[in-house]
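S.K.: Spelled out from the first residue to the last, the chains are:
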Amino acid sequence: MTGPDHAGPDLTGTGTGTTGGTAGPAAPPVPVPVPDPERWRRLSPLMLAVHPVMEVVRALPALVGVLVLGVTRGAAQGAVWSVAGVGVVVGIGLLRWATTTYRVTPAQVQVRRGLLRRSVLTVPRDRVRTVDLTAHVMHRLLGLARVTVGTGQSDRRAQDGLRLDALTTAEAHRLREELLHERGPAVGLGGTPATAGTPATAPVPGTVPARPGGTPVTGTGDGTGTGTGATVLATLRPAWLRYAPFSLSGLVTIGVVTGFAWRVAGDAGWQPDQAGPVRQVVDQLGRAGLVLATAEVVLVVLLLVGVFSTIGYLLAFWGFSLTRTGAGTLHVTRGLLTTRTITIDESRIRGVELSDTLLLRWVGGARCTAITTGLRAGRGAERGASLLCPPASRADAAGVGARVLGDRTPLEVALTGHGRAATRRRFTRTLVPAAGLVLATTALWRLADWPQWTVEVALTLLVLAVPLAADRARNLGHALLPASLVMRQGSLVRRRSALTRAGVIGWTIRRSFFQRWAGLVTLTATTAAGRQHYEVLDVPAARAVQLADATLPGLLAPFLVGSADPAPAGDPTR
Amino acid sequence: MTDSTLPTLALRPPAHRVSGRAVVYWTARAALGWVGLVAAQAIWLAVSPAERAAHVAVFAVTLVLAVLHLAVMPQWRFRVHRWEYSQDAVYTQAGWFNQERRIAPVSRIQTVDSHRGPFERMFGLANVTVTTASAAGPLTIEGLDQPVADRLVDDLTRQTQVAGGDAT
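Those protein sequences? They're chains V and B, same order as listed. Quick note on numbering: the first sequence equals residues 1 to 574 in the working numbering. Quick note on numbering: the second sequence equals residues 575 to 742 in the working numbering.
Bound conformation, chain B alone (with noise of 0.2 Å):
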C-alpha cells in the first residue's frame, strides 16, 4: 500500500494519572464481590459436613484467587488507567487485563457528564463520561478526585461549545 511509507509511529500514554484514592476504591469493590462468595462458602462448610476435603480445596482456592486478585488488580488498572485532553481531542486509557485506548475529537462530542455513585462518593471519587454521537464510543474516566471531575467537565463543556455543528 501506498500509506507503508509512513513514519513508524506509537502512541503514548495519556499524561494523567487517576486519583490515588481509586487504588483503594477498587480493592474495597472487589473485595465487597470476594467476601460474599467466600461467606457463602463458608457457611455451605459449617452446614454439610459431606465431602469435607473437597469444600475445603475449593475455599482455599477461592482465597487464594481473592488474594491475589485484590492485590494485583488494583495496582495494575491504577497504571493503566490515565487520561488527557488537548484543543482538538480526548484521549483514555482504561483496563488491566484488557486494556483500551479511546480517542474522540472535541468537534464530535454531544455531552459531558460527570457522574458519582454512594460508594464512590464515600471515596470521594467521580467518573466522567463524553458521548458522541455513535453509540459505541463513550469515553469513561473512572476514580477521578471531584474537583479534578469538576474542572475536566467545565473545560471540555466549554471547548465543545466553540466547536459547534451536529457532530455526526
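For reference, chain V alone in the conformation it holds in the complex (with noise of 0.2 Å):
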C-alpha cells in the first residue's frame, strides 16, 4: 500500500532531540547575533499541490476501478472506502506541511514537527554525514526536492526524522551547501559554483566521455583540497547499458507491474482467467506439453525480466555521474524521472565494495558501492544511495572504487583462500539441507500421497547445490592490507568488501557448535558504516585472531596467549 515515496503519516515526531517543543510556531528560542540561521524556515507551500496529486497517483487502481470500468456493486464499496482513506491521508499531509519546520543554527541542525505533540529533533552539524536531495516527477514540475540528511547514528528512528519533504530546489541546494561545504572555519565557498548536483534541470545523456575505465587512479586522487575544483570521477557510459538485463532490477519491476495490474482488476471486479487472452495462452501451455511449457515460460519471463531490468536501469541510473567536489565530498547525481543527488562527506567513508550476483558476474560485470558513516545499508529510502557505480563492466566498476579510495589495490588483490576445512564445511552446509529435503520429499511422497515432481525438484536443487557449493567455497577469502581490511563471500550474490582499518570499531568471534569441530571461527568487524558487520567467514581459528590483532595492533595484546613461536603460520590457502 505505502509508495516509495513517504514515510507515511508521522505525526509523532521522533524526539531524540534536546528541548521539548513548548515554544511558539516562529519564535526563535535562543537571541544570538546572526539573526537568519536563527530563523525556523518552512517546507515550499508547493508541496501543498504536489500531496494530493502523489496520493492520488497512489490510489489510482481503486479510482480507475470506480470510475473508468467498475460498476460492480462490492468493488465500488471497496473503492469508496479507497478514495475515502485518500482524504484522509491528503488531510495529513497539509497538516504535516503546516507544522514542520526547521532550522539550521551553527552548531545543529533541527526540524520541529507534530501538532499534538510537538517535538524538535536536534542534531549536531558535525554529525552531518550525507545529504540525499531526491525529486519525483511532480517534485521537479514544481522545482522542488526532499532532502533527507544522514548522520552517522545507527538508531533508525532518528534518521527519519531528519527529511524534510520538500524543498524548493535552490533552498534545498543552499541546505546541503549549508551542512556539508560551509562548516569548519577554513572551508569558506560563498556560492559553491563548483558543485555539479543541479538535480532538477534536465538530465544530460550520459556520453561524456570524461574518463576511460581502466585508468589508474593517480592523478585524479587528489582533487580534493583544491577548494574550488570539481573532477568527475565517473558518468554513465552506453557500453554499461549491456549489462542492465542482468542486474534483475525488472523482477521488482514485473512485481510491481503485476501487483498494479491485480489491483485494478480486482476493484473493477474483473476476473483475469475468464478473459480470452489470457485463456488461450493457459489452453495452449497446456497442450503443448510439460517441457516445451516450461522452456516458454522460462524463455517470457527471461525477456520480460530482461526488458523490465534495461527500463530500470535507464529509470534508476540515466545522467549518471559521481564527482568530487573541491570542499571534502562526493556528489552521485542519477535519475531519469526521479532525480537523486546524494552527497557524501568523504572523511566519513570507511570502505567500498564490490558486488556482482551471478548473473552479472557471468557477463563480466560488477556494482560498487561505498561503506560510508549515515548510510546504513539496504535500510528503505537509504537503499541505494551510497551507490558509486550502477551495474557496469567490472573493470570500470573497480575503476570508480578505487578512484574513491585513492588505492586500487584492495579491490584487485589476490585474496587468501579459507583452506580445506572451510571448503568442506560450505559443502556440507548446502548439501545437507538439500539431501534432507530430498529425503523429506521421498518418504512425503511415498507414505503420504505427496506428488511426484517435489522429489524431482529435490533432486533438481540436490545437483545444483554442488556447483553452488563449489562456488562459495572458490569465493572465500580475506587480505589484510595496510590500509584496509578485504574480505569476500558469496556466490548468489557475491561481496568483495573493502574495509579500511580506522573503520572497524570492534570484532565478534562466533563458533558455532560445528566451526568449533572444524577448527574454524567467523570473524565479524564491527563499524558504524554500510552493512554495520563485515563477516571473514569460516576463517581458520588462529588466522581470524592473527588478522584482528594485526587490524588494530594493541587492541587484542592483553588477551593474547601463546604467541611464543615466530615461525610461519602454515597459512591454509589452496
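Don't read these hints as lab results, they were simulated from the structure. The beta carbon of each residue, even a glycine, is placed where N, CA and C say it ideally should be. Watch out, some of these pointers could steer you wrong.
[Claimed, not checked] Okay, the calculated beta carbon distance ranges per label pair:
no.	chain 1	residue 1	chain 2	residue 2	range
1	V	Gly554	B	Ala645	40 to 46 Å
2	V	Phe513	B	Asp729	32 to 38 Å
3	B	Ala627	V	Ala448	58 to 64 Å
Dock chain to chain to rebuild the complex, using the hints, since each chain is given by itself in its own frame.
M.R.: Right, here's the structure in full:
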C-alpha cells in the first residue's frame, strides 16, 4: 500500500533531540547575533499541490476501478473506502506541511514537527554525513526536492526524522551547502560554483567520455583540497547498458506492475482467468506438454525480466555522474524521472564494496557501493544512496571504487583462501539441507501421496547445490592491506568488501558448534558504516586472531596467549 | 600473504565468570518454558484419548529433552559466559552451543548501561550492555551480581569519558 515516496503519516515526531518544543511556531528561543540562521524555515508551500496529486496517483487502481471500469457493487464500495482513505491521507499531508519547520544554527540542525505532540529533533552539525536530494516527477515539475540528511547515528528513528519533504530546489541546494560545505572555519565557499549537482535540470545523456575505464588512480586521486576544482570520477557510459538486463531489477518492476494490474482488475471486479487472451495462453500451455511449456514460460519471463531490467536501469541511472567536489565531498547524480543527488562527506567513507550477482558476474559485470557512516546499507529510502557505480563492467566498477579510495589494490589484490576445512563446511552446509529435502519429499511421496514432481524438484536442487557450494568455497577469501581489511564471500550475490582499518570499531568472533569441530570461526568486523558488520566467513581460528590483532594492533594484546613461536603459520591457502 | 609470517596466536577466554546464581536463573528460565510445553501436552493427553500411544511417546521425548536441556545448558553456559575489560578494551564471551566472543575498544564505546528484568531481580542479577556506533556490535554481559554490574558500569563510564571523540 505505502509507496516508496512517503514515510507515511508521522505526526509523532521522534523526540531524540533536546528541547520539548513548547515554544510558539515562529519564535526563535535563543537570541544570537546572526539573525538569519536562527529563523525557523518552512517547507515549500508548493508541496500543498504535490501531496494530493501523489496520493491520488497512489490510489489510482481504486479510482480507475470506480470511475472507468467498475460498476460492480461490491468493488465500488471498496473503492469508496479507498477514496475516503485518500482524503484522510491528503489531510494529514497538509497538516504535516503546516507543522513542520526546520533551521540550521551554527552548531545544530533542528527539525520541529507535530501538531498535538510537538517535538524538536536536534542533530549536531558535525554529525551530518550525507545529504540526499530526491525529486520525483511532480517535485521536478514544480522545482522541488526532498532532502534527507544522514547522520552517523545507527538509531533508526533519528534517521527518519531528518527528512524534509520538500524544499524548493534552490533552498535544498543551499541547505546542502550549509550542512556539508560551509562548516569548519577554513572552507569558505561562498556560492560554490564547483558543485556539480543540479538535480532539477534536464538530465544530460550520459555520454561524457571524461573518463576511460581502467586508468590508474593517480592523478585524479587528490581532487580534494583544491577548494574549487570538482573532478568527475565517473559518468554513465553507453557500453554499461549491456549489463542492464542482467541487473535483475526488472523482477521488482514486474512484481509491481503485476500487483498494480491485479488491483485494478480486482477493484473493477474483473476476473483475469475468464478473459480471452489469458485463457488462450493457458490452453496452449496445457496442450504443449511439460518441457515445451516450461521452456516457453522461462523464455517469456527471461525476456520480460531483461526488458524491464533495462528500463529500470535507465530510469535509475540515466545521467549518472560521480564527482569529487573541492570541498571534500562526493556527489552522485542520477535518475531519469526521479532524480537523485547524494552528497557524501568523504571523510566519513570507511570503505568500498564491489558486488555482483551470479548473472552479472557471468557477463563480467559488477557494481560498486560506498561503505560510509550515515548511510546504512539496505534500509528503505537509504537503499541505493551509497551507490558509487551502477552495474558496469568489472574493470569500470573497480576503477570507480579505486578512485574513491585513492588506492586500487583492495579491489584487485589476490585474496587468501580459507582452506580445506572451510571448503568442506561450504559443501556440508549446502548439501546437507538439499539432501534432507530429498529424503523428506521422498518419504512424503511414498507415505503421504505427495506428487512425484516434488521429489524431482528436490533432486534438481541437490544437483545444483554442488556447483553452488564449489563457487561459494572458491569465493571465500580475505586480505589485510596497510590501509584496509578486504573480505569476499557469497555466490548468488558475491561481495568483496574493503573496509578501512580505521573503520573497524570492534570484533565479534563467532564459533558455532560445528565450526568449533572444524576449527573455524567467523570473524566479524563491526563498523558504524554501511552494513554495520563485515564478516570473514569460516576462517581458521588462529588466522582470525592474527587478522584481528594485525588490523588493530594492541587492542587484543592483553587477551592473547601462546605468541612464543614466531615461525610462519602454515597458511592454509589452497 | 605477507602477514602469514605473524606468530601464531590464540585468544584466551576472558578472565571473570558471571555470578554463580546465574546458573539457577538460567535453569529457572528454561524450566518455565518447558513447564508450559509439558503442561500443554499433559492436558492434551487427558482430554483426547485417541492415539494414546503416540501421545505418550511424544510426551516422553519432550520430558527427556527437557531434563537433558535443564541439566546441560545452564552448566555449559556458565562455563562459557565470561567477561573482562582492560584499559583499552572490553571483552566478552557468551553462548553455549554456539559461542561468541566480542571485543570493543573503550575509545569506541558510546553507551554503557545496566538493566535487570523482574525475574532477574528475584535472583539479584543484572545485565550490562555496552554499545558502540555500530548497530551490530553491542556487548551484553548477562547474569552479573548487582554490585559487580554497578562497579563495571561506573568504571567503563569513567574510562569512556577519558577517551573522547565521536566514536565512529
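S.K.: Hint by hint, note whether the structure agrees.
M.R.: To see whether the hints hold, each was checked on the structure:
no., hint, verdict
1, V:Gly554 <-> B:Ala645: 40 to 46 Å, "42 Å, holds"
2, V:Phe513 <-> B:Asp729: 32 to 38 Å, "34 Å, holds"
3, B:Ala627 <-> V:Ala448: 58 to 64 Å, "20 Å, violated"
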